[in-house]
Amino acid sequence: MHFQYYCPECRTQLIKFKNTQQCSNCLLNYPYENNYAIFKNYNLTYVSKNDEYVQKLFTEIKHLGFKNGVTKYLTTNNKLISQLTNSQFDKSMDAVFHGIGKKYLRCLNIRDEIGNKSEIISKIFEQVYLIEFNDDSIELQKKRFKENNCPNITITKCDLLKLPFPDNFFDLIVCNGILENITKFTKIDNKNEGNKKMIAELKRVINDEGCIIFGVGGNYDLKITWKTILRNFNGILKKNLTKYISILENEKLLVKPIWTFPSYDSPLYSGDFSNIISLKSFFNNFNMLVSSSKRGEYQKRIMESLFLIFKKFNHPFIKIIFQIFSSSFVFCCWKNTDSKSFENWIKKETKCQNILRLSRNEKNSFMLLDLKGEIKQIVHVKRFGNKIPNRIKYFDINSPEIKNISEQIWKTDWLNGRSVNPKNHNEVLLAVDALIKFQIDTKSEIMTKDDAIEETTIIKNKLEYFGYEINQYTKLLKQYEEYLEKNPISISSVHGDFWLTNVIYNSESKNVTIIDWDTYSKKGNPYTDFIWFLYNFIDARSENHKLNFKNYLEGSGEINEMNKIMEQIKNRINSHFGYKLDYILLFKIYLIKWIIREEQLQEKNYPDDINSKNYSISIYQEILKQFF
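So in the working numbering, spot 368 of the sequence shown is number 368, and the numbers just go up one at a time.
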C-alpha cells in the first residue's frame, strides 16, 4: 500500500527508496522500512501509567510473536486486557462516531500504546497513519499489525509540531490524552504555547470536511468530595469542560463537546453536551446501564442512589453535574462546519435532533429521542465498514431475520419495557410461553437417529481436540443418543441466547418480546434454548448456584418459592414436548457443549474478556461434577 510522507521542513513529497525516504528539495533523508517512518528521534519525558505492563507484554511478544505473546502475558496479568480483545468487540473508539464524516480515506491517530485503536480504525478507513513515541510500543504495534493482517496502517515517529504530511490531508484525526500532557510530547515547556502550535498543525493537515477529535481526561470523577466542590466551585468548572472549549475555540475551531460514560476510552454511553434532552434521557435510563454493569452490588447501589437524586434536578443543573463528575470529555472540532458529519446526516435522515449513543457488541446504536427524552427509534451502525447507504432502511426488531441484515446502517423501533424480573413468577412464565410459541411457529422435520449420532460425534471430536479424556463421557453420550431416539423431537429455530435479559416485559401491555437475535439459527435442537434459559434462571435466583443446580432440576420436595416456580416451568416445558424431560441428562450434555464453546472462544486468543471466559469454563466444570 502506498503511504504518502512529506518533508516536515519544506513539505515536499518524499521519494521512497528501499529503506529510506529522501526530500528532493532539501536533500534530507529519513529512515523508512516496513511501513515505519522516522522523522524525529528525541527523548520524551512522558511515562504512561501502563508503561510497566507494556514492557512486560512486549517481552513476551518479542520471543513468541503477538498472538502467542498475548496469551502468555494474560496468564499472569490482567492489565491491558481491554486493549487486547478482539477488535470486533472493542468499544474504545466508539466516541469518534460523533465526529466522523462520510469520507473514509485517511485517518491520523496520535499515540496508541497497544495498537488496538488503530486496528479498529483500519477497518473503517482506507489508510491509517499512527504517530507513536515509545519504542517498545512501536515494536509491539508492528508485530500486531503484521500478524493481524493490517497492511493499511503505517507507524511514524515524528515531531507533533512539524507533521510530515501535506495540507488538507486527513478526513479524521484522533488525538486522545495529548492536550492535557502536551509538554510531555514536545520540547515546549509552556502548555498554552505547545497546545497552540499543535492545534495549528492539526488544522493544517485536516481537510475542510474533516474532524479533529480530542479526548481529554477530567480532573475529577465520583471520587471528588462535596467539601471540595463547595470550596472551589468555579475553579472546578473552569478546570474541566469550559477550559478546553476555550483553548480550542481560541484557535478558531468549531467545537462540539461530547460527554462520555464511563470515559472516552470506554464510551459505553455518550452524547452532545449542548443537548440537555440526551443528558436527561441518560439519567432517566440509567437503570439499564447499571443492570448490565460488572461492578459489585455495593457500587451499583451507590451509583443508582446518586443518579436517582441527580435525575430530579432541573436541566441546567444536570449539565453542571456532568461537568463536575465526568471522568473525561471528547471534543469534536472542525475548521469550518460540521454539516458533513455522520451524526448530522442521521439527524437529517431521521428528522430527529436529540440523540443518545450506546455502544453494543458489534455496533453503535444511536437512540432517537422525543422532546421528553423518551427513546422512540434506534439507528444501528456496524462498527466496521464504510458503505454508507443513501437512506436508512427500517427493519422489524421482532423478526429473527434481523440477524442477517447486510446494511451498514439500519433503523428499528425501540421496545418500551425492561428485562424480565427473575423474581416475578408471572413474567418468567410469560417468557417460557413466548419460547414455546416461537418453537411451535418454526418447527419442521423430526430429528432422526442419524441427527443424534452426528450431534454426539461432533461433541466427541471437540472434546478430544481440546485435550479432554473422552472415556468418562462415552457412556453419557450414548445415553443421550438413545434418549433422542426414544423421544423424537421436531427440529425448530433456535434463538441461541435465550435468557431473561433478552426478553423484554412491557408493563402496559403485560406482554413480552424476544430480542437480540445475533445467535439465531433457522434450524436446530429445540432443547438448546430451554436448557440455557433454566441455567440462567437458576443462576439469577440462587446465591449458591453451584450447589443448587442439581437440587432445583430434580426437585427436592421442599415447599419453597423457588421449587414452586421451577415446577411450573418444567410442567410447561414437559407439556410442550409431550413427555417429562430428563433435565439432569440434558443439563450434563449442555454443560459439556458450553465448555466446548468457551474453549473455542479461548482458541481465538482474543475473546471479549479472557478472564471471564476462563471463569466460565471452570464454573461449568464445577457444576458438571455434581452430576457424576
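Incorrect hints may have been included.
Pairs of lysine to aspartate or glutamate, DMTMM-like flavour, derived with a Cα cap of 25 Å [to be verified]:
no., residue 1, residue 2
1, K486, E374
2, K184, D159
3, K475, D450
4, K523, E469
5, K593, E464
6, K376, E508
7, K570, E464
Quick caveat, the hints were computed from the structure, so don't treat them as lab data.
Keep in mind it's a predicted model, so treat the numbers as computed, not measured.
Against the structure, the hints:
| no. | hint | verdict |
| --- | --- | --- |
| 1 | K486 to E374 | 52 Å, violated |
| 2 | K184 to D159 | 12 Å, holds |
| 3 | K475 to D450 | 18 Å, holds |
| 4 | K523 to E469 | 30 Å, violated |
| 5 | K593 to E464 | 13 Å, holds |
| 6 | K376 to E508 | 16 Å, holds |
| 7 | K570 to E464 | 33 Å, violated |
Taken one by one, the earlier hints fail for this structure at numbers 1, 4, 7, listed in ascending order.
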